[in-house]
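Asks: Here is how the chains run, residue by residue.
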Amino acid sequence: MTFKMKTDIKLAGVGGQGILSIATVIGEAATTAGLYLKQAEVHGMSQRGGDVQSDLRLSTEPIHSDLIPLGGADLILSMEPMEALRYLPYLGPDGAVVTSSRPFVNIPNYPDEKALLEELDALPKVTRMDIDQVAKGLLAPRSANMVLLGMAARHLSILGPDDLRTAIRTVFGRKGDKVVEDNLKAFEAGYEGLQ
Amino acid sequence: MRASPLRDFWVGEGGLKEVSFEEFCFVAGNEYICVVISTNRRMKMKKMLLGDEAIALGALHAGLSGVYAYPGTPSTEITEFIQNDLLARERGVRSRWCTNEKTAMEAALGMSFAGKRALVCMKHVGMNVCADAFVNAGITGVKGGLVVVAADDPSMHSSQNEQDSRFYGKFALVPILEPSDQQECYDMMADAFRLSEEVRLPVLLRIVTRLAHSRAAVEVGEPGPQNALAPDGERTRWVLLPGNAKRQYASLIAQQHGLLERAEQSPYNVLKKGKGLGVIACGIAHNYVQEALPEGISLLKVSQYPLPAEKVRELAAVSDRILVVEDGQPFAEEQVRGLLGPGYPVSGRLDEALPRTGELTPDCVAKALGVPGGKVHAPAHNLAPRPPQLCQGCGHRDVYTALNQVLADYPTARVFGDIGCYTLGALPPFKAIDSCVDMGASITMAKGAADAGIHPAVAVIGDSTFTHSGMTSLLDAVNDNAAITVILSDNLTTAMTGGQDSAGTHKFEAICLALGVEREHLHVVVPLPKNMEEITRIIREELDYKGVSVIIPQRECMQTLARKQRQKRMAAEGDFSTSSK
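Protein sequences, first through last, are from chains A and B. For the first sequence, my numbering gives the first residue as 1, with consecutive numbering after it. For the second sequence, my numbering gives the first residue as 1, with consecutive numbering after it.
To be clear, the hints were calculated from the coordinates, so they are not data collected in a lab. It is possible that part of the hints are untrue.
Unchecked claim - In silico DSSO-like links for lysine-lysine, alpha-carbon gap of 30 Å or less:
hint, chain 1, residue 1, chain 2, residue 2
1, B, K46, A, K4
2, B, K546, B, K431
3, B, K46, A, K6
4, B, K311, B, K367
5, A, K178, B, K568
6, B, K530, B, K507
7, A, K4, B, K375
8, A, K185, A, K6
9, A, K114, B, K375
10, A, K175, B, K46
11, A, K136, B, K568
12, B, K530, B, K546
13, B, K272, A, K6
14, A, K175, B, K568
15, B, K546, A, K125
16, B, K273, A, K4
Just so we're clear, the structure is a prediction, and the values are computed from it rather than from any experiment.
Please put together the full structure from these sequences, using the hints given.
Replies: Below, the structure written as structure tokens:
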């Protein structure tokens, strides 16, 4: 007798920040673990510096809808703090928010940063970190998204951190050892919560 | 990525690794492949595929000989998959981008005439462009299987309307398939080609954005053979002179009963009887209904049309009311209302049990089914919209900067835009265009406005949109000597959809001259801040000219440029593992 587990993840960010690479790694880990998976992506017009999101659903049972219902997400995983807030209505009652704390300001009416972070911190389960800073500190500036994935690993009960480490090796393996090492380092920094 | 049988296992270029006693997985690029070896040693292969990719692979495995398409979100990835597929290359499957959806449809019909299987792919509005060929292909009929994929975009994620392509299928009196998930996308292709050849009609396969661009595991089979060359000998079918056309149309009408009978018997149309509420779920709507899982209802899943009327009546007989759940417009709902008459309670989009506009969501479907939702967070306060914008360094930016600078001195000027990245010029900071309607409309609308007395009348059109539908517009303008200034902003690619080849690259001057644009009113400039003085001077001179002028700002798209540099770098580092799906 196995019991049913599911994790619904709302991935968010700004076009070009690399949220689909996070989805690819989680997807690889989930496939290897034999989980069911559906991943609704965003292509086309919204990729040009606008807000982007992807619904990633993992389950031990077959998944029907490609989209996560309102109040259904177990995790909002965002490369940008305001983009994390955008999907708040999708966050489930016990859901967690894991986000970069550094605003990406490419619009003139970006909200007040202090007020934004206060609103974020008022949520029951929030982990935020300046992932760009961390990645830069590791001399792996292009691996900020893997820092975020490391932070998320603490909230992904359906997958263990080792599943994700293996998936990072598989997904980035063809880009060479250096890229794999950078991404693993970034993942560990996020996982350990190293500022 | 291609797997080849090796003893009992399959191996691919990405390598093989053990997962458990019965399962092996390997990965190549963005693609996950899982091979399950079952106890009876029959091999099944699972791949993580977008709906679009499942359609592409299904078509290839069904013995496709050619795909004909113009890029358009959310359909683009179908053709791209085939272009990068090794089996397609080995078999010489024709896959280059076409100039527009009409040329695509006609070429596919030609391949079908020759007896081979052809696929046409487009976004929903592309159906408008190819409608002449599509509807008349219903009259001629086909020889080799011909499947037309229309990818609808309810909620207009990347489109200017949310028209429902199923109406085109009904209009042309041809069978329609509407897959509900990625597995059906794959499975239906073989059935669609077989159906097309059996009934000798084009088959329309309709998907929506959320299926096209969502990934799931798909169990795939083995590639089947391609058709041999076997041209159709029946001239009277294909020469649609009125005498022949009347006969063909009568036979198409006579076929309708048979098509309905096939839909009634189709394994894709499944009726599960319960009591109380009866639900008709079309295509992807089936997933949202399953997600809400209301207990005890009757459910009719519809994935093949004509609408199975007998099954609808059967559902009505065991239900006390019917809810029609379909993405797009109330296509099935109107027919159901007609079938059951005014006395039978039917709801759906028409009575706003479901929203009249926008795509279906698990939430609106659950609500319509009466399934209560949980508590939902209020939207955040510190939130601002983040619309898409032109990339930093994009040549279109310099074009709009120059245009705005000059037009500040021409308060009566109007700028007619077109479809592509440069439509973003409508948004701040540029706010540079007054219209965007359909592919090619910039030039012809500018001409009509000039005819009416607007001056200056400026058209802004991209290179790929120009060859898609702007060349005939320009010929009209030249023939009328219309006082318009056309800015043909050439970034050497079809950028908005991800950088596909553009049909007219390096040919634009020749095309404009051949259409009759005068040499002295045709200019090529490089849109860079350092050239601003030259560009604004030329725009100013041409606005004052009372005839057709064409200015071609020409500079490669930043995205495709960066991609080429990346590929060069990777090649230099000896990495050849890209695009080996």
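Asks: Are the Cα atoms of K546 (chain B) and K125 (chain A) separated by 30 Å or less?
Replies: 66 Å, violated
Asks: Keeping to a limit of 30 Å between CA atoms, is the pair of K530 (chain B) and K507 (chain B) held or broken?
Replies: Holds, at roughly 25 Å.
Asks: Would you check the hint for K4 (chain A) and K375 (chain B), treating anything up to 30 Å between C-alpha atoms as holding?
Replies: 22 Å, holds
Asks: Tell me if the straight-line CA distance from K311 (chain B) to K367 (chain B) falls inside 30 Å.
Replies: 25 Å, holds
Asks: Between K530 (chain B) and K546 (chain B), is the straight-line Cα distance small enough, at 30 Å or below?
Replies: This hinted pair holds, its Cα atoms lying about 29 Å apart.
Asks: Take a quick look at whether K46 (chain B) and K4 (chain A) sit within 30 Å of each other, Cα to Cα.
Replies: The hint holds at about 22 Å.
Asks: Given the hint that K185 (chain A) pairs with K6 (chain A), does the C-alpha gap stay at or below 30 Å?
Replies: Given pair K185 (chain A), K6 (chain A) holds - Cα atoms ~28 Å apart, limit 30 Å.
Asks: Going straight from one Cα to the other, do K175 (chain A) and K46 (chain B) come out at no more than 30 Å?
Replies: Holds. K175 (chain A) to K46 (chain B) sits at ~25 Å (cutoff 30 Å).
Asks: Can the restraint linking K273 (chain B) and K4 (chain A) be considered satisfied, given a maximum Cα separation of 30 Å?
Replies: This hinted pair holds, its Cα atoms lying about 27 Å apart.
Asks: Against the 30 Å threshold, does the CA-CA distance of K178 (chain A) and K568 (chain B) hold or violate the hint?
Replies: 19 Å, holds
Asks: What's the verdict on K175 (chain A) and K568 (chain B), does the C-alpha distance respect the 30 Å limit or exceed it?
Replies: 14 Å, holds
Asks: Take the C-alpha atoms of K114 (chain A) and K375 (chain B), compute the straight-line distance between them, and say whether it is at most 30 Å.
Replies: 28 Å, holds
The structure fails hint 15 only (numbered hints given earlier).
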